[in-house]
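Q: We have chain A; now place chain B onto it with these hints.
Protein chains: 2
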Amino acid sequence: MSERIHATYWLETGDDPRRAADVIAGEQSSGTFVALPGETPELKARSGARVERLEILDTVDTPSLPGGMKSDVYTRCTLELSWPIENFGASLPNLMSTIAGNLFELRQVSGLRLTGLTLPPSFATAYAGPAFGIDGTRKLAGVAHGPLIGTIIKPSVGLSPEETAQQVRELVEGGIDFIKDDELQADGPHCPFDERVKAVMRVVNEHADRTGKKAMVAFNLTGDLDQMRRRHDLVLAHGGTCVMAVLNSVGLVGLHELRKHAQLPIHAHRAGWGYLSRSPELGWDYAPWQMIWRLAGADHLHVNGLRNKFSEADESVIAAARAVLAPVMPEAPMTAMPVFSSGQTGLQAADTYAALGRADLIHTAGGGIFGHPQGVAAGVEALREAWVAAIEGVPLDTHAERNPALRAALGFWK
Amino acid sequence: MSERIHATYWLETGDDPRRAADVIAGEQSSGTFVALPGETPELKARSGARVERLEILDTVDTPSLPGGMKSDVYTRCTLELSWPIENFGASLPNLMSTIAGNLFELRQVSGLRLTGLTLPPSFATAYAGPAFGIDGTRKLAGVAHGPLIGTIIKPSVGLSPEETAQQVRELVEGGIDFIKDDELQADGPHCPFDERVKAVMRVVNEHADRTGKKAMVAFNLTGDLDQMRRRHDLVLAHGGTCVMAVLNSVGLVGLHELRKHAQLPIHAHRAGWGYLSRSPELGWDYAPWQMIWRLAGADHLHVNGLRNKFSEADESVIAAARAVLAPVMPEAPMTAMPVFSSGQTGLQAADTYAALGRADLIHTAGGGIFGHPQGVAAGVEALREAWVAAIEGVPLDTHAERNPALRAALGFWK
Chain A
-10 MSERIHATYW
0 LETGDDPRRA
10 ADVIAGEQSS
20 GTFVALPGET
30 PELKARSGAR
40 VERLEILDTV
50 DTPSLPGGMK
60 SDVYTRCTLE
70 LSWPIENFGA
80 SLPNLMSTIA
90 GNLFELRQVS
100 GLRLTGLTLP
110 PSFATAYAGP
120 AFGIDGTRKL
130 AGVAHGPLIG
140 TIIKPSVGLS
150 PEETAQQVRE
160 LVEGGIDFIK
170 DDELQADGPH
180 CPFDERVKAV
190 MRVVNEHADR
200 TGKKAMVAFN
210 LTGDLDQMRR
220 RHDLVLAHGG
230 TCVMAVLNSV
240 GLVGLHELRK
250 HAQLPIHAHR
260 AGWGYLSRSP
270 ELGWDYAPWQ
280 MIWRLAGADH
290 LHVNGLRNKF
300 SEADESVIAA
310 ARAVLAPVMP
320 EAPMTAMPVF
330 SSGQTGLQAA
340 DTYAALGRAD
350 LIHTAGGGIF
360 GHPQGVAAGV
370 EALREAWVAA
380 IEGVPLDTHA
390 ERNPALRAAL
400 GFWK
Chain B
-10 MSERIHATYW
0 LETGDDPRRA
10 ADVIAGEQSS
20 GTFVALPGET
30 PELKARSGAR
40 VERLEILDTV
50 DTPSLPGGMK
60 SDVYTRCTLE
70 LSWPIENFGA
80 SLPNLMSTIA
90 GNLFELRQVS
100 GLRLTGLTLP
110 PSFATAYAGP
120 AFGIDGTRKL
130 AGVAHGPLIG
140 TIIKPSVGLS
150 PEETAQQVRE
160 LVEGGIDFIK
170 DDELQADGPH
180 CPFDERVKAV
190 MRVVNEHADR
200 TGKKAMVAFN
210 LTGDLDQMRR
220 RHDLVLAHGG
230 TCVMAVLNSV
240 GLVGLHELRK
250 HAQLPIHAHR
260 AGWGYLSRSP
270 ELGWDYAPWQ
280 MIWRLAGADH
290 LHVNGLRNKF
300 SEADESVIAA
310 ARAVLAPVMP
320 EAPMTAMPVF
330 SSGQTGLQAA
340 DTYAALGRAD
350 LIHTAGGGIF
360 GHPQGVAAGV
370 EALREAWVAA
380 IEGVPLDTHA
390 ERNPALRAAL
400 GFWK
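Heads up: the sequence lines are chains A and B, in that order. Quick note on this note's numbering: the first sequence kicks off at -10 and runs consecutively. Quick note on this note's numbering: the second sequence kicks off at -10 and runs consecutively.
Isolated chain A (complex conformation):
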């Protein structure tokens, strides 16, 4: 039996749904708009995409997206297609062209969203997946249980290397586990990457030498390939334990090459995710998208946060985090660590934990830590204690009675 790739879509079509499904399957495999003399029954049986499932959901009378065929009724359905792996091999870039290629532009399509992906074992042979994942990250960060308590350097851009290091000093002295560059902070002349790494790691290393605790700092090395490799090596040489790359900015080949080169966990930022997902009737769900990046090597993946300051609903955030924690396939879990951020405080800990049933995650807060009236150390402690309460199933107010930092935090978090 040949291996097959399965992709699931939410489809809206002005055509007969069965015909639309066949057109999509054809366009993405051996067919085209017109009957082809070369597309023999044997060829189609061997190479054609197969409609595995077509379930009608409902109908609407106006199309979600313009440009499609005109109709009085637009049918919404769940469509599952499958392809033989022989069509393109176990190749992530070519997988992309097939499951997320021209089909979005078809006239038969007035809405199309890629909602699910199941890959055969060959992909796990071809791609190594995260090198560190949850366990490796915990080891490097020295956090055996509970979430990594983290934050993001702010302002995003504009600080000098020394000003950045000064902020890092406050954070590591406050006991933070994880710090990241903002995704906008790269290698500009005001804050060159090399100077930033040297200044920050001087602080981190000094603190680690003194206390035994080395905070993990995700330096944003996003750039051209030579730059990313060189920057990675610099971070490594200065004792750093993490690098960060913006996935949509470097692309699949960029992340895959970084993974092959890297000796540190790759913190994967999803900036640009909005243009891939913000229309419910178009684009990508997070589950199939993050799976591709995990195969390519992402150790940490951003999932927004509950009650975030962006436009994403809580159920979407939780679905995304569950996807990151779910195995890529039974034969190769390739588990990565979800990263929660945006408007986060200890108030989201219990709900986040309840939804996931585990704390293998990075929880980053900015104002939720820096805003603490007793300072950064109390801010870190309060967020950590909020997670202790969540994991132990103790109400936050009750736990706060035993913890002054948490008690003080509840005032300004609310």
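Hints in this document: simulated from the structure, not taken from any laboratory. All C-beta atoms, glycine included, are put in the ideal place defined by N, C-alpha and C. Worth double-checking, as some hints may not be accurate.
Stated by the list, open to error - Calculated Cβ distances over 12 Å to all of chain A for the following chain B residues:
1) D11
2) R42
3) T67
4) P82
5) G163
6) R191
7) E195
8) K403
As the list claims (entries may be wrong) - Just the calculated beta-carbon pair ranges, DEER-fashion:
9) B/E390 with A/P269: 48 to 58 Å
10) B/E151 with A/P30: 17 to 27 Å
11) B/R191 with A/M318: 35 to 45 Å
12) A/P30 with B/A302: 29 to 39 Å
13) A/E304 with B/R8: 25 to 35 Å
14) A/S149 with B/K187: 54 to 64 Å
15) B/D198 with A/G27: 24 to 34 Å
Stated by the list, open to error - The list that follows gives simulated cross-link-like pairs (lysine to aspartate or glutamate, EDC-like), each with its CA atoms no further than 16 Å apart:
16) B/K298 with A/D4
17) A/K59 with A/D124
18) B/K203 with B/E162
19) A/K403 with A/D386
20) A/K249 with B/D215
21) B/K33 with A/E152
22) B/K249 with A/D215
23) A/K202 with A/E162
24) B/K249 with B/D215
25) B/K33 with B/D11
26) B/K59 with B/E(-8)
27) A/K187 with A/E151
28) B/K59 with B/D124
29) A/K33 with A/D11
30) A/K203 with A/E162
31) A/K33 with B/E152
32) A/K187 with A/E152
33) A/K298 with B/D4
A: Same frame as chain A, but now just chain B:
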């Protein structure tokens, strides 16, 4: 004077438009959701994005995209932002994170589309752009004037290398200028890349030796970086004159690395463009998108075709083609060749030429060539003659009186 990057957006917001513009500018530079002690006036003046222009277009009473802030009125406007290049340097990946990063997810945004981009000269110093462009492509293809007449191997997938070569034989004997793999055809076991290149180039080279005309074949080498480099070298070693990569599948680092390695023109496929563009209220216009890929090295860029079989309107197709033919910047034109495809015949030649005022393009037709009652050679000739008529300003019917192949084509094209 510092160099600045300018990006233009179509914005829909439920907030006061001025406040929304400020929030977007802040989020994509030195600000965040809350006031930061570190964001001093000096820092903001140095590193903040600037609202250069905000023009109200109209208002609507329902938001285009869900998840944003609730309002009774949603204002649509043109927004132009600028950033100092010092924020991230002349780096295409970091440009992406900045102009097309988190901003799409903001609650202030109920619609956002990146419509324009102006880059300072530093980017042309950092990136070489297309190595061949129009002139280099014309030289390699031996086509001094008029469009390259092209086609795509069909069925897209499923043919063996020998069957592919057989189709190529028919095409080169018919006098075709350009042939491309389908974007779904990669390196599967039924049609391995190496065998395909060898079989096809044997035919192309034999024909070139005999006639002096060597058709340009764009072999789809999309894959991981090592694979792309190796495949490129194989094409080069066998006398091939073009390679093809799917941009959304390899990403910016992938294309840039291929450009650095390549000694052949890069035919850039835009499969997946639909998920970036199909919602008019979200994502990307083609003009800014293709500019980034040209800087990274794309020589040919797909633009769909007039009266195509997909969902794109003609005015969008022409805007895309004009963007590809327009200079990236006055100091560095980096002109690339637009590729027209999808349901194309000679009937689109005159309108395409009228809209562009030039024929520096690749015009690919499938059924429009293969369907010719007198065979492939007549199909190629008919399409070429349709362009002669278009360029000379002669009506197609009149020109057909002098040309039997064109005359016969008019019957089945219509």
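Q: Test the statement that B/P82 is away from the interface with chain A: the closest C-beta pair must be farther apart than 12 Å.
A: 4 Å, violated
Q: Take a look at whether the Cβ-Cβ distance between A/S149 and B/K187 falls inside 54 to 64 Å.
A: 57 Å, holds
Q: Just want to verify: B/D11 was marked as not at the interface with chain A; is every Cβ pair farther apart than 12 Å?
A: Non-interface label on B/D11 holds, nearest chain A Cβ at 15 Å vs cutoff 12 Å.
Q: Given the proposed pairing of B/K33 with A/E152, does the C-alpha separation stay at or below 16 Å?
A: 15 Å, holds
Q: Taking only the CA atoms, is the gap from A/K33 to B/E152 under or equal to 16 Å?
A: The hint holds at about 15 Å.
Q: Can we trust that B/R191 is non-interface, i.e. its beta-carbon lies farther than 12 Å from all of chain A?
A: Given a closest Cβ separation of 20 Å, the condition holds.
Q: B/K59 and B/E(-8) were given as a pair; does the straight-line alpha-carbon distance stay at or below 16 Å?
A: Roughly 38 Å between the alpha carbons, so the hint for B/K59 and B/E(-8) is violated.
Q: Just to be careful, I want the Cα atoms of A/K33 and A/D11 compared with a cutoff of 16 Å; is the pair within it?
A: Holds, because 12 Å separates the two Cα atoms, which is no more than 16 Å.
Q: That 25 to 35 Å hint for A/E304 and B/R8 (C-beta), does it hold up?
A: 28 Å, holds
Q: If you draw a straight line from the CA of A/K202 to the CA of A/E162, is it 16 Å or shorter?
A: 10 Å, holds
Q: Between the beta carbons of B/D198 and A/G27, is the distance compatible with 24 to 34 Å?
A: 27 Å, holds
Q: Does A/D4 lie within 16 Å of B/K298 when you go C-alpha to C-alpha?
A: Distance of about 14 Å is within 16 Å: holds.
When the structure is compared with the earlier hints, violations turn up for hints 4, 17, 26, 28 and for no others.
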